[in-house]
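S.K.: Letter by letter, the chains look like this.
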Amino acid sequence: MQKQAIFQSKLLPYALVAPQLAIVLIFFYWPAAQAVIQSFLLQDAFGLSTSFVWFENYLELFKDPAYFAAIVRTFAFSFAIAVSSLSFALLLAVMADKPLRGSTLYRTLLIWPYAVAPPVVGVLWVFMLHPSLGVLSRYLRAMGVDWNPLLDGDQAAALIILAAAWKQISYNFLFFLAGLQSIPKSVIEAAAIDGARPMRRFWTVIFPLLSPTIFFLLVINIVYAFFDTFGIIDTMTRGGPGKATETLVYKVYTDGLLGGNLGSSAAQSVILMVIVVVLTGIQFRFVERKVTY
Amino acid sequence: MANVTLRSVRKTYPGGFEAIKGVDVDVGDGQFCVLVGPSGCGKSTLLRMVAGLETITGGEIDIGGRVVNQVEPADRDIAMVFQNYALYPHMSVYNNMAYGLRNRGMAEAEIRTRVEEAARVLELSPMLERKPRQLSGGQRQRVAMGRAIVRQPKVFLFDEPLSNLDAKLRIAMRVEIRKLQRRLNTTSIYVTHDQLEAMTLADILVVMNGGQVEQIGNPLDIYQKPATTFVASFIGAPPMNLMPLRSDELTSQIAGADGAGIVGIRPEDFVITGETASGGVALGLTVEAIEHVGAETFVYGSRRREEQGVAANPGELPPGEVIVRVPGTTGPAIGERIRAVAPRDKLHLFTADGRKRVGP
Chain A
1 MQKQAIFQSK
11 LLPYALVAPQ
21 LAIVLIFFYW
31 PAAQAVIQSF
41 LLQDAFGLST
51 SFVWFENYLE
61 LFKDPAYFAA
71 IVRTFAFSFA
81 IAVSSLSFAL
91 LLAVMADKPL
101 RGSTLYRTLL
111 IWPYAVAPPV
121 VGVLWVFMLH
131 PSLGVLSRYL
141 RAMGVDWNPL
151 LDGDQAAALI
161 ILAAAWKQIS
171 YNFLFFLAGL
181 QSIPKSVIEA
191 AAIDGARPMR
201 RFWTVIFPLL
211 SPTIFFLLVI
221 NIVYAFFDTF
231 GIIDTMTRGG
241 PGKATETLVY
251 KVYTDGLLGG
261 NLGSSAAQSV
271 ILMVIVVVLT
281 GIQFRFVERK
291 VTY
Chain B
294 MANVTLRSVR
304 KTYPGGFEAI
314 KGVDVDVGDG
324 QFCVLVGPSG
334 CGKSTLLRMV
344 AGLETITGGE
354 IDIGGRVVNQ
364 VEPADRDIAM
374 VFQNYALYPH
384 MSVYNNMAYG
394 LRNRGMAEAE
404 IRTRVEEAAR
414 VLELSPMLER
424 KPRQLSGGQR
434 QRVAMGRAIV
444 RQPKVFLFDE
454 PLSNLDAKLR
464 IAMRVEIRKL
474 QRRLNTTSIY
484 VTHDQLEAMT
494 LADILVVMNG
504 GQVEQIGNPL
514 DIYQKPATTF
524 VASFIGAPPM
534 NLMPLRSDEL
544 TSQIAGADGA
554 GIVGIRPEDF
564 VITGETASGG
574 VALGLTVEAI
584 EHVGAETFVY
594 GSRRREEQGV
604 AANPGELPPG
614 EVIVRVPGTT
624 GPAIGERIRA
634 VAPRDKLHLF
644 TADGRKRVGP
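Those sequence lines, one after another, are chains A and B. Residue 188 in our numbering is what sits at position 188 of the first sequence, and the numbering runs on without skipping anything. Residue 388 in our numbering is what sits at position 95 of the second sequence, and the numbering runs on without skipping anything.
The shape of chain A in the complex, shown without the other chains (with noise of 0.2 Å):
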């Protein structure tokens, strides 16, 4: 059903529409266009003199094992992230989807943490893992733990995917729970009566019926360990230490804010514009047309 509305006059369509068009063309279309004429170009390292170089700035990154180590790097840990966000929020949903006294309580509570900004995320579990101030690390030192994420490469990647994931569990809350309070409760019942155990239950008729919702936040997981991790990141260990939590948002401003090297981070930019382009894609393809099962 297509919705039309008839304008007497021809412009004010236009006029109507141009606000929206002028912020997109401004902030998006603009400096998207400046990113990709920006990746032809080689400046020198004063900024006195700008090249066409056509391709050169993204056959330098794709012979440099360093971006090459930031790819793989930032596929696992949005693999990492999304993985472990997504179950766990999971988890809180089926159990505040049971009907208990004070589920409203909680749910709001569960829902805070999505409010709070990434780079205050980031502040808060730095101070609370913090090598020598952490609460938390003095118990994982008790444990015979050698916990330093100043330090050691992995513990650092570990607490990024940690307060990344942690952040991002209550927006897969909701939808999960939106989720599973739209599965009719027959049907559940129906495989309670076909003697199915609670467990069973669950894997063979609850996490299908979720699969177009898990599927919807797979993508927007992604996206998010993607682009928004980027305050975490920069408020825990700025990439550190060495490049081992360097993803490659990061690495965009690290080489071009800090580097000085505009032309590969520009590069870089388009990259992930191009990365964005194909998972929004993905989602149109697949969520939007309401692939169920």
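Incorrect hints may have been included.
DEER-style ranges, computed between Cβ atoms [as the list claims (entries may be wrong)]:
| # | chain 1 | residue 1 | chain 2 | residue 2 | range |
| --- | --- | --- | --- | --- | --- |
| 1 | A | Met95 | B | Ala588 | 53 to 61 Å |
| 2 | B | Ala588 | A | Phe215 | 54 to 62 Å |
| 3 | A | Ala32 | B | Leu462 | 55 to 63 Å |
The hints are simulated quantities; they were obtained by calculation from the structure and are not laboratory data. As the structure is a computational prediction, the values presented were derived from the model and not from experiment. Built from N, CA and C at the ideal position, the CB exists for glycine as well.
Since the structure of chain A is provided, determine the placement of chain B on it from the hints.
M.R.: Leaving out everything else, chain B in the frame of chain A:
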């Protein structure tokens, strides 16, 4: 094969609301029991308590000689057909039916035999690989039936299984369900708000109202001797005409009607005639509306105050609307004045509060 016995079963919700106020029902082995009542009367709640989907807060439910109050739904050996069918939307028709058997660890070969047999009986064989969303309402309903019968449970529970179907299909499925139940001879409890469904399906009819049983019995017995005015007006379509007896003269005229405050007359027990049978009731009516159904005609007449002196003899009843059934298509014209007469033995007499039948 099992009896189902409910012994003073109660359900009180945490808020204090009493949904079921002590129900005693005994369903014999292989019998088809129908719970009927208006919405909110507790019939579905009672069925869900038998299924184990609602807790029992008082009394006992006994299935096949075993009290099941604390038994999980899966272990009660029952199968249920839900109003919205509750099919597993992500599973094929075959898997929908096989699911309950797989959960019980049955061998795949045996499952195949049973599902294919059920599909054959229900004419679902060509659709075994389809998903529920690719089926029509009637087909979904049959899958839900199939899921119940492959399990070969002790008891079938039906929760308004036909209410989502169109009228024609509903009648066809009603007959199918009855035939299937006779053939399988499985004890069944069936919930409906449709009195016609209830009348046609039941071996034992349980009429419920406000969380209580109004009457239990054979459908025809209930139709012929409703125990309360609620049952009288609920069972039968169009409903029984219920009229309060206004004066003491009337109660004395209707012999043997001690304590009667309400008289009920079924629309089909009236005859439009000039003669009055002795001991019967005659009503003077002005025809307000006529409904032609084909095989029969319903005459809606009103009894106006000014007409009573002329027509009401010997029963003097207060003004109101009266429905009279006339066989065939011949009936009076709108606006015509008629005399509707009911013989003495067709009168139903109740106490003034309608809670008790006093005669005949």
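S.K.: Does each hint hold? Answer for all of them.
M.R.: Structure-based check of each hint:
no.: 1; hint: A:Met95 x B:Ala588: 53 to 61 Å; in the structure: holds, 60 Å
no.: 2; hint: B:Ala588 x A:Phe215: 54 to 62 Å; in the structure: holds, 57 Å
no.: 3; hint: A:Ala32 x B:Leu462: 55 to 63 Å; in the structure: holds, 58 Å
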